[in-house]
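Sequence lines, in order, name chains A and B. Per the UniProt record's numbering, residue 1 is the first one in the first sequence, and the count goes up by one each step. Per the UniProt record's numbering, residue 1 is the first one in the second sequence, and the count goes up by one each step.
Rather than coming from a laboratory, the hints here were simulated on the basis of the structure. One or more hints might be untrue.
[Said to hold, decoys possible] Here are some chain A residues pointing at chain B (derived, C-beta under 8 Å): (1) Thr156; (2) Val163; (3) Val231; (4) Asp265; (5) Val277.
[Claimed, not checked] Label-pair restraints from in silico Cβ distances: (6) B:His268 x A:Thr142: 29 to 37 Å; (7) B:His268 x A:Pro182: 21 to 29 Å; (8) A:Val234 x B:His268: 37 to 45 Å.
In this text, a Cβ means the ideal position worked out from N, Cα and C, and glycines have one as well.
Protein chains: 2
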Amino acid sequence: MTIPVYLDCDTGIDDSLALLYLLHSPEIRLLGIGAVHGNIDAETAARNTLDLLALAGADVPVAIGARDPRAGGYAGGAPHVHGVDGIGGVALPPSGRAAVAESAAEMLVRLAAEHPGELEVLAVGPLTNLAAALDLDPDLPTKVRRVVVMGGAARTSGNVSAVSEANIHNDPEAAALVVAAPWPIVLVPLDVTMAHRFTEADQAALAASADPAARAVGAMLDQYFTFYQGVYGVRGCALHDPLAAALLVGGITATHAPAVPVVVDDTHGPGRGQTLVDLRHQRSGETDVPGAHVRVVLDIDPPLAPHLRERLLARYGPSVG
Amino acid sequence: MTIPVYLDCDTGIDDSLALLYLLHSPEIRLLGIGAVHGNIDAETAARNTLDLLALAGADVPVAIGARDPRAGGYAGGAPHVHGVDGIGGVALPPSGRAAVAESAAEMLVRLAAEHPGELEVLAVGPLTNLAAALDLDPDLPTKVRRVVVMGGAARTSGNVSAVSEANIHNDPEAAALVVAAPWPIVLVPLDVTMAHRFTEADQAALAASADPAARAVGAMLDQYFTFYQGVYGVRGCALHDPLAAALLVGGITATHAPAVPVVVDDTHGPGRGQTLVDLRHQRSGETDVPGAHVRVVLDIDPPLAPHLRERLLARYGPSVG
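Next comes chain A alone, as it looks inside the complex:
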């Protein structure tokens, strides 16, 4: 049995890596994709997703979701990180395909109803669409098997502010709702995603691939590496979204992921957008806090980069449900 998956993304360079990884993962079937504001505007995120899918030979329905966070308007994305087009200026062949008519939130609600207790949600952008889906169907948490979220920071620094990570910071009000809803959540914070990187050797391997989609993603990494050179001091990049994808797929395993209380700061103070992860109980060697429904991934095994590289360069084609 393969896992039915709904992906929510703001494609995005690392979103592109994650999408390509998912397409090369026979453990899952990708039933639908929602686009959301974040790294780039929602329409462009959908366009990038559709064109990359076509280049990879995959046909997955893409729905456009929220154009703006729940409070305030779209802030203009992150051109310094992902480029002005979200994919590092790499011109993908226009697919000619269009987004479906339903919204991303409607798609998620429908897929959950069609696959009750089985659907898994992978959210690698701001959580606006997931919050909208909770508005549409308050019983959604009982129908979804689990929600894997790339977002937040527990013990490590943020990447937008001292304490806040971009996906959460881009819509703290939505994140607060999603994290509080009673579904099993696997939160994949910067603590792990900043520790797993692609290097220039990984990029060179993608560039030498026979697969045009892998080559395109490899080309996108130029922009991403340039940004991360300012962060790490060397060319390379963090593997945020692919790490969350690999955890959902099971290609890697969370070796330390306690279930603990998590609250999102949606004030307008200096902590806005922070995920407050309560790890106080860890000091005594305890792991899970009774009743907590959010697992926070603090360590994984095996290392992500070799696994990711191997999958992206695998000869078998995309697996689509």
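Dock chain B against the given chain A, drawing on the hints supplied.
Showing chain B alone in chain A's frame:
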């Protein structure tokens, strides 16, 4: 030349340890002590301080400071941590000495004026008195050599909430002012203080001392160890205030203490009382952020416990300026 020191404290069991350590440190001369609300009410903190000083054979002026935080009232201390009297129910011989007439803030302002450019401030309680001193003398930061503050949490969990430490949490408004003022600050957060502990062997050594003050502090540790057993899973205690004292004295050295932006969350959101320490630049191997006036201590050398134990049991008596 010995260092002239003003101590601000909410005595408190680890405050008592720190005070005894300071009295056994010939590198400094303790010119005055201000008491503040926090672990216990300000009057009791002053009383505990006066009685412990007398038991140690030391005569240092003690001033009563703020009874309440800048916003709201005294919240009742931490009897589960320090006991209902602040010192674990250990009856110190009444000294018969009284606090001086000036307030703690007035004492600090006076001492800074008398020792311009030389006075060092050690604050191991809520920062209400320091904020009040800034109100009295806005030029105070130009007169004080440095301020060593036990407080906050950078990469580790808080001890009052998921993210906030007690001294900062007990008066975030004061802490925000003190941290923003342009004096050199050494912030000693839970990241280091939770990692350095006293064990039952250390307590036994104090209990066997010929010095009645050392024996009294050893007796206080019963209460403190009971609380920390719930935190660590074993009897023992964190060495919060002594660690800050030892850094000021120079008995230990900060081996990793980058100068970085620090902001205190004084909202009423979930992050209230957090010290937001911006360590993002550390990812590239950089250390100091230009213009930052707060050094955040993340590692020390040598380990504190043996140094502290040796000093507390030293045969030479208190050194008072």
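Comparing the hints with the structure gives:
no.: 1; hint: Thr156; in the structure: 7 Å, holds
no.: 2; hint: Val163; in the structure: 5 Å, holds
no.: 3; hint: Val231; in the structure: 6 Å, holds
no.: 4; hint: Asp265; in the structure: 5 Å, holds
no.: 5; hint: Val277; in the structure: 7 Å, holds
no.: 6; hint: B:His268 x A:Thr142: 29 to 37 Å; in the structure: 33 Å, holds
no.: 7; hint: B:His268 x A:Pro182: 21 to 29 Å; in the structure: 26 Å, holds
no.: 8; hint: A:Val234 x B:His268: 37 to 45 Å; in the structure: 42 Å, holds
Checked against the numbered hints above, the structure breaks none of them.
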